[in-house]
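> All chains should be modelled from the sequences, with the hints used to inform the complete structure.
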Amino acid sequence: MIIVNYIASIILIVLGLYTVCTKKNLIKVVLGLGIIDYGVNMLIVSFGFNDGGTAPIYQMSDLLNGVSTKFFVDPVPQALTLTSIVIGACVDAMALSLVIMIYRKYKTINADEVRRLNG
Amino acid sequence: MEILKSIFYILVFPGALFTMVAGLWLAGVDRKVIAKMQKRIGPPILQPTYDFFKLMGKETIVPRVANRLVFLGAPVIGFISLAIIMLFIPIFGFTAFSGSADLIVILYLITISGVALIVGGSSSGSPYAGIGISREMVTMMSYELPFVIILLTVAKKVGGADLVFSMDAIGAWQRANGSLLFQWSMIPAALAMLLVIPAEVGVQPFDVAEAETEICEGPLIEYSGAALGVFKLNTAMKMIIMTGLFTSLFLGGFTTGIVALDVLIFVAICTVLTLLCMTTIHAVTARLKIEHLFRFYWTFVAGLAMASLILVWCGL
Amino acid sequence: MFKKLINNSAAKSPWIYHVNSGSCNGCDIELVACLTPRYDAERFGFKLAGTPRHADIVVVSGPITSQSKDRLIRTLAQVPEPKCVVSIGSCPQSGNVFKGSYSVEAPLEKFCHVDVAVAGCTPKPEAIMEGLYKAALLLKEKREAMSK
Amino acid sequence: MMQHFPVLAVMLLFLSAFIVEIFGAKSKAVAQGIAMIAATVSAGLIYALIKPVMIDGQIISYWMGNWAPVEEYAIGIGYEVDALSLFFALLVVTTFWLSGLYSIGYMNKDHHLGHYYTLYLMLSGSVLGLVMTGDIFNLFVMVEIMTFASVALTAFRNFSEGALEGAFKYLVIGSMGSSFTLTGIALLYAECHTLNMAQIASILAGGLSPTAIAAFGLIIAGFGVKSYMVPFHTPAADAYTVAPTSISMIFSGMVNKAGVYGMIRMIYIVFRAMDKGTVQQMLAIFGAVTMFLGVTMALAQHEFKRLLAFHSISQIGYVITAVSLGSALGLTGGLFHAMNHTLFKGLLFLTAGAVLKQVGTTNLDKLGGLSKRMPHTTICFLVGAGAISGLPPFNGFASKWIIYQAIYTKAVESGKFVYVLCTICALVVSVMTLASFIKVTQAVFFGQLRKEHENVTEAPFSMRLPMYIMALLCTASGVFYDFVNKYLLHPAANAALNISKYIDAMMGPGYAANARVSDMSVEPVAFSYWNPIIWLVLFGVLFIGAALVILGGRNERGQILSSSDPSQAKYDTFFSGEKEMYSQVGGSDLFWGFKSNWKGYYKFMEAIHSGIVNDYASMAVVGTAVICLCMFLFMR
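Chains as they are written, first to last, in this note's numbering: chain A, 1 to 119; chain B, 1001 to 1316; chain C, 2001 to 2148; chain D, 3001 to 3636.
Wrong hints could be hidden among the right ones.
[Claimed, not checked] The calculated DSBU-like cross-link candidates involving lysine-lysine, where the alpha carbons are at most 35 angstroms apart (straight line), are: (1) C:Lys2142 <-> C:Lys2012; (2) D:Lys3603 <-> D:Lys3357; (3) C:Lys2134 <-> C:Lys2047; (4) D:Lys3357 <-> B:Lys1289; (5) B:Lys1036 <-> C:Lys2012; (6) C:Lys2134 <-> D:Lys3570; (7) C:Lys2047 <-> B:Lys1232.
[Said to hold, decoys possible] Label pairs and their computed distance ranges (CB to CB): (8) A:Thr22 <-> D:Asn3158: 26 to 32 angstroms; (9) A:Asn110 <-> D:Asn3514: 56 to 62 angstroms; (10) A:Glu113 <-> C:Ile2073: 54 to 60 angstroms.
Hint data in this document are derived by calculation from the structure and do not stem from the laboratory.
Being a predicted model, the structure only gives us computed values, none of them experimental.
Cβ coordinates follow ideal geometry from the N, Cα and C atoms, glycine included.
Right under this line is the structure:
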């Protein structure tokens, strides 16, 4: 039932985009970015999934025999996801710190009022 | 030897000296004929030449706020660019230099002469010059669109399947198939080009940039003496260059075989074109406003040129 | 060769800059009349310039009101040599009917050297033409003196 | 030995970023010293690669941890430097080296310089890594580091007006773009089960499946965000304006070039889609819209740096249009223009920075008459303005000249009228560019000096030196365009069009042939817009012209006169006889004659550039959707 994962991740991405595009609260915008990230991460992990697979761990005996009897999921997407999660966390941290600074300076976090650079 | 020939080309025949003399001739004819049209006796034909030499003998004052280098360098840059353009324009059979895609080079060299006027005027620091350069720039933007479309039309018409931006190829095509003006699909483009010429040179209805009665000659306000003389010379040279460009683009294609005779015919055609598209329009119209000028070029003239481009694109 | 050409050209293309220093406009109209087809000053190369930097001949009309005095002096200083100053009408010469007014500073000679003075209130266009032509010949002399 | 250079250059920058943070926090000089040494060594390493890669035609490949491909499957992260990568790497190292040099003088009044240099080195390293990596996920990681560093540097002067806001918008749009890229990469991995670009290219050579098309659309949109193509351009204008100028220069010189590089790498090498009509037309239209919108917005600006930012957007439009044509001529022109844009826009930003540093403002309404106070900056600015407006003999002319020809050739070849419109757009935009620089010239450098700026002085030499270098490069690459073409552009264009060598260098010889990768044979683009003899004799004409002006001065009194004595009325500017002090008129709104004809358009544009982050995000989403839809609907 891997298709559920795909649909769910697409829903997450669209939800995130919706949040970013419509919510005027800057913190909600940052949350939207986070949601997009989770959707994408979920998509990547799902790509590596094989039904019935196990962790990609070899035992010494397997290697010595030269054949692997194990059927495992693709490890690369998981590595990618880890990297991506770290990056996503960085984005959120940075964005939130910027929001705090903006609040100190502008006394508001309403996107309609944080628009001194325009035109 | 090759270098000597090039030096001759640049300094004397199609280059600086020829352009100067022919330009001053056209300017003189222009002033004489416009006087005749107004039932005046008018100045002698040599009047622009006298003006030029008189200006050479006057003091050249650099205003205190002006950047001396830019202020005095601008007219010279304009002069050089104009002297170079003439090398790329074939006089019927004769071309001094031919590069590939020299149409675009010509387009940009003409722009440089305008930029020289603008930067020079700008550097003089006068508020009148500020308004003048604004108008000059808007005028440039106005005629650039139709001018560009005309050049593309000619390139497409001449090139057919493969692209040609070269004056040489345009001449060769006209020698084989007759002048471009006699292709009926090119007539709107030729009309548009005739309307581009006065704006490029800056004569009466389109001389908003140098309106001497409203903004005291615009960019030229602080220029005096030799520098002003060079700018006046540049305007005269632009006359021969623009009419010459029209001649090469639309009326090329025949040659008598003798260069001297060709040049005479060339200058004669240029004179007729000057009378047609500059003197007559000058005599019968009043100065436009800058918004009107922009709208006129981007709708009417660009429309004419575009019509021609579409006709040519449809294979006519 | 060029020197002679330049000197000769000096008389042949005099450009005029017109300063109105409180004139009643009568002289100004007559000056413009010189450029009309009837008198056609352009056949001598006369041309109205828009700025003093281009001018050879500065034409002053009016009785030099105290408001315009500073401006007149500054404008005259900005004209490059060789230059001529021509006064038109009686006002710049004497103050005419305005003489004695608290706000009139005529005559013009107090502030600059006047090369040609055309009298009359107003002078005829023919007289103005004559004056301007004399100024043009003066220009050549000045240019020759400069180039020695 | 040679194959270690790329990775050493990148790692050195990252390593020294941390060293600066540890040792440079206290002392300004230490931080500057470490950063400059790292930048210089790194630049030297990249320059050392010119001979083998550009001239000898080698391709340098390097496997991290020596994880070479096993059974023809790439496992490790590979670095691969072909001529295309090196071309962009050269732009990158030149930019950050000059920016570092400029920072010494420019940033000396700022605090926390240690942090500044850390971020500066991170940004430099990430962009350098981005253009040289052969691994698509590594590409994404570098893009992300680049985004972080840029955002942090945008907000570096967080006390200044709008810095935080600009950074936040940049972060939102930038990380949306990164997410698109990551989604595209994920889809690509699902399709090919590898992350190595060379291997993906050979797998996709058989034809693009719907998954690959979706990935392509998303990745192009992602790099569109990084190169600030039109619907994604909004944060660029803000970020360039508020970032320190040395960083604005880096943004326009290398960060958006990274986006362009990504596009070229994806279109030409990974997906081999440059001969698909849909992609070509779509990107050409996007490029044309980008250049037009950028320049019209620039005409309306009242802020020097914001105006330059919109010009950056506009010039990238030229690059995208040229690159999208899929012809050798177009690619050459696009690469040349990308290089020229780095040079002249960097130069212009540096002059803007010099004005900001010396005068304290870049608002066009508050400046004027600086040419007497800052003559060197003025000349450098005029060179830059001439180059960006495409005036011969500067480099902008040479590249625009190729681009016009490339687009119009494409129009004639394909018979599509849309390319004709693109050509007209490109030519007219060039004049508008000129117009807006005339406005800056008038408003900042010429005109009347303001009273409060009487004591302004010329920028210090350490700030002028990068300007001189860039002005020199602008002129040199315009005059010796043949040389540039032969040694830089031709190898790079060749590398982009012939990929079997690229694949073989990475995956082992014969791999590309097995995968039936098709190559395009490339003739070197020969171009000459005039021959050198003219240049020689040009000086003759110059002499004559100068002589004409001097001719009037043959006697004692008819000479060129100038004076700085304020009591002499002769040297006042003429203002109808008024005193000079009354003649101050600002030049920032010079083109009302033009703008009054475009009222509706400008009203619409102001509504679009509202400054609200949600609007910008919506535009980015719509842009991405349009790109993906175009690809799905029309790509065969």
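> Taking only the CA atoms, is the gap from lysine 3357 of chain D to lysine 1289 of chain B under or equal to 35 angstroms?
violated (40 angstroms)
> Is it true that threonine 22 of chain A and asparagine 3158 of chain D lie within 26 to 32 angstroms of each other by Cβ?
Since the Cβ atoms of threonine 22 of chain A and asparagine 3158 of chain D sit about 28 angstroms apart, the hinted range of 26 to 32 angstroms holds.
> With 56 to 62 angstroms as the target window, see if asparagine 110 of chain A and asparagine 3514 of chain D comply at their CB atoms.
holds (59 angstroms)
> For lysine 2134 of chain C and lysine 3570 of chain D, compute the direct alpha-carbon distance and say whether it is at most 35 angstroms.
holds (26 angstroms)
> How does the Cβ-Cβ distance of glutamate 113 of chain A and isoleucine 2073 of chain C compare with 54 to 60 angstroms: does it lie in that range?
holds (57 angstroms)
> For the pair we were handed, lysine 1036 of chain B and lysine 2012 of chain C, check the Cα-Cα distance against 35 angstroms.
The given pair, whose Cα atoms are some 20 angstroms apart, holds under the 35 angstroms limit.
> Mind checking the alpha carbons of lysine 2142 of chain C and lysine 2012 of chain C for me, to see if they're no more than 35 angstroms apart?
holds (14 angstroms)
> Given the proposed pairing of lysine 2134 of chain C with lysine 2047 of chain C, does the C-alpha separation stay at or below 35 angstroms?
holds (15 angstroms)
> Given the hint that lysine 2047 of chain C pairs with lysine 1232 of chain B, test it: the Cα-Cα distance must not exceed 35 angstroms.
holds (14 angstroms)
> Hinted pair, alpha-carbon criterion (35 angstroms max): lysine 3603 of chain D, lysine 3357 of chain D. Please report holds or violated.
holds (33 angstroms)
Going through the hint list in order, the structure does not satisfy hint 4, though it satisfies all others.
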